[in-house]
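Protein chains in written order, with full-length UniProt numbering: chain Y, 1 to 297; chain E, 1 to 297.
Do not rely on the hints blindly, as some may be mistaken.
Claimed, not checked - Residues of chain E clear of chain Y, computed beta-carbon distances all greater than 10 Å:
{"#": "1", "residue": "Arg67"}
{"#": "2", "residue": "His166"}
{"#": "3", "residue": "Ala175"}
{"#": "4", "residue": "Ala183"}
To be verified - Examples of chain E residues toward chain Y, derived with CB under 7 Å:
{"#": "5", "residue": "Pro124"}
{"#": "6", "residue": "Thr151"}
{"#": "7", "residue": "Pro153"}
{"#": "8", "residue": "Lys155"}
{"#": "9", "residue": "Glu157"}
{"#": "10", "residue": "Ser167"}
{"#": "11", "residue": "Met179"}
{"#": "12", "residue": "Gly182"}
{"#": "13", "residue": "Thr184"}
{"#": "14", "residue": "Val185"}
{"#": "15", "residue": "Val187"}
{"#": "16", "residue": "Met191"}
{"#": "17", "residue": "Thr192"}
Calculated from the structure, these hints are not laboratory results.
These numbers were taken from a predicted model, which means no experiment stands behind them.
In this text, a Cβ means the ideal position worked out from N, Cα and C, and glycines have one as well.
Protein chains: 2
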Amino acid sequence: MRAQVIDGKAITARMRAEVAEEAARLTAEGWQPKLVSISVGDTAAAELYVRNQQRQAESAGVLFEARNYPAETSLEQLTGILQGLNADPRVNGVIIQRPLPDHIPVKVLQKTVHPLKDVEGMHPASIGNIVYNDLALGPCTVVAAVEILKTLPLKLEGLDVTVIGHSEIVGKPIAFLLMGLGATVTVCHHMTRSVAMHSRASDAVFVAVGKPGLVTGEMLKPGAALIDIGINRVETSEGPRTVGDADFESCGEVAGWITPVPGGVGPVTVATLMKNAVLAARMQMEHYRDAYARTEH
Amino acid sequence: MRAQVIDGKAITARMRAEVAEEAARLTAEGWQPKLVSISVGDTAAAELYVRNQQRQAESAGVLFEARNYPAETSLEQLTGILQGLNADPRVNGVIIQRPLPDHIPVKVLQKTVHPLKDVEGMHPASIGNIVYNDLALGPCTVVAAVEILKTLPLKLEGLDVTVIGHSEIVGKPIAFLLMGLGATVTVCHHMTRSVAMHSRASDAVFVAVGKPGLVTGEMLKPGAALIDIGINRVETSEGPRTVGDADFESCGEVAGWITPVPGGVGPVTVATLMKNAVLAARMQMEHYRDAYARTEH
């Protein structure tokens with residue numbers, strides 16, 4: 001293995017310490033950050049995530065309330081619940097756990113969360129703000145992946161980067177965010193004629209597709225950074241395993257840095273959610289104070 | 001000259017005929033589209049644009065009201081004016097002419113225009129919707145440049161495209177619109193180490209930087225499409241001239257298609273503004289009808 005394996009947990013620990021400090025400051029001012037997690041129907045799929053979020057929140061001094069609604073809850077009822085949370089000054093952020101039942105369109109719910117309480121960064125206005133380089137609350141996975149790149153001794157200005165995967169919630173926002181930092185970015189996807197042509201010319205490669213083994217060592221430039229955002233469950237002779245989109249073995253022989261899966265982007269994503277929670281609480285506090293400071297007595 | 005010169009005016013004429021038909025349909029239903037143009041202070045710089053927009057609007061059956069406010073108008077006054085236009089059912093679209101006086105931040109005004117009346121497509125929500133592939137009202141220049149590419153006999157899926165220039169209002173949205181259409185897109189800018197490395201490997205090149213002569217023939221792949229979005233005033237021995245960002249001579253020898261400046265993207269942009277005006281009027285009509293259809297009698 002030639003590549004240095006990036007330690008997502010170490011990055012997470014640093015971020016969590018900063019979040020805990022900021023949460024303590026906010027709490028002292030009467031604004032202890034609070035997240036509400038909404039899941040609908042069968043909770044088994046999301047349960048592991050929710051429990052992990054809860055643990056991370058509590059260890060950082062962020063309040064966390066996990067709510068579960070029955071599978072038959074209507075869109076109108078959920079919209080009403082979200083509007084209630086938007087209006088509740090004690091709630092600073094709302095997390096909508098996936099998957100949702102088929103009759104609930106996730107985008108409609110994400111749009112209903114007030115942009116200032118959108119700690120997942122999924123509101124169209126949050127995504128639009130990335131384009132405008134005005135990153136208030138960015139999508140957690142996206143911010144996490146880019147934060148990891150920032151820890152490496154690479155100058156982002158002029159860096160040639162290939163992003164593989166052009167989903168609305170990961171690939172495209174990563175590309176925008178990197179462009180804002182000065183990188184030259186190519187976005188590849190399932191219609192790209194030759195991904196390797198682009199990835200082999202790049203100093204850093206991000207992959208977020210959901211296909212194990214998609215990126216192999218021969219697709220990389222020697223010494224490049226590989227940030228693997230994929231999370232796939234695969235069956236192996238030793239039982240089920242979680243792997244990313246990169247063939248870790250061959251990529252590790254060529255890359256200069258590589259994120260492991262699990263233990264790379266995943267933990268940093270949860271830490272970013274907590275960072276968004278304290279950012280959201282501070283923005284709401286300032287918004288509230290501005291509103292009152294402007295009132296004539 | 002090897003390249004075929006793309007005739008922006010012919011594309012415009014087709015678009016204008018479609019807009020006129022749709023405007024006539026809307027008018028018959030009591031919803032004749034109406035645009036209001038806002039300029040502030042010295043009008044000389046914008047006057048040519050405004051007059052051109054007015055002429056195009058009128059020839060398509062779109063009402064056009066050009067308003068000019070004194071240079072000393074405050075941001076609060078302008079915000080109030082825009083809120084009044086948002087609330088006025090007779091106004092379907094608002095255009096904010098640039099340049100504005102220094103004390104007026106253009107983004108604040110653009111955010112104040114209601115997204116359904118944002119015919120220039122400059123609201124963060126409009127830009128964010130591009131990322132989500134939900135192009136309601138796109139930025140006019142962006143939509144125009146991509147419409148031009150669509151008129152060529154090139155399959156957009158898998159097309160390798162380089163966008164030179166990463167501005168928030170042109171380069172980035174073009175990149176995301178093209179990605180949504182299946183192209184593999186690289187965005188280059190002033191920090192890119194080698195623009196030619198990317199542009200030479202591309203089937204189509206968009207340039208929107210504002211530097212005459214930036215793109216030369218040797219930066220292109222033979223037969224590629226070159227869409228030139230730059231508009232620059234330069235002094236020549238025969239007096240002032242308007243040119244794009246491409247060196248038209250050398251690029252014309254290598255490219256397969258090339259847009260002239262003037263006469264390329266420019267006229268198509270104005271036609272797109274009119275198309276947005278009828279789209280906005282229709283969305284508002286539907287929104288209005290939905291609201292009333294839902295009321296209990």
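Status of each hint after checking the structure:
1. Arg67: holds, 26 Å
2. His166: Label violated. Min Cβ-Cβ 5 Å, cutoff 10 Å.
3. Ala175: Non-interface label fails for Ala175/E: nearest chain Y Cβ at 8 Å, not farther than 10 Å.
4. Ala183: violated, 8 Å
5. Pro124: holds, 4 Å
6. Thr151: violated, 21 Å
7. Pro153: violated, 18 Å
8. Lys155: violated, 10 Å
9. Glu157: holds, 5 Å
10. Ser167: violated, 10 Å
11. Met179: holds, 5 Å
12. Gly182: holds, 4 Å
13. Thr184: Check passed: Cβ of Thr184/E comes within 4 Å of chain Y, closer than 7 Å.
14. Val185: holds, 6 Å
15. Val187: With a minimum Cβ separation of about 5 Å from chain Y (threshold 7 Å), the hint on Val187/E holds.
16. Met191: holds, 4 Å
17. Thr192: holds, 4 Å
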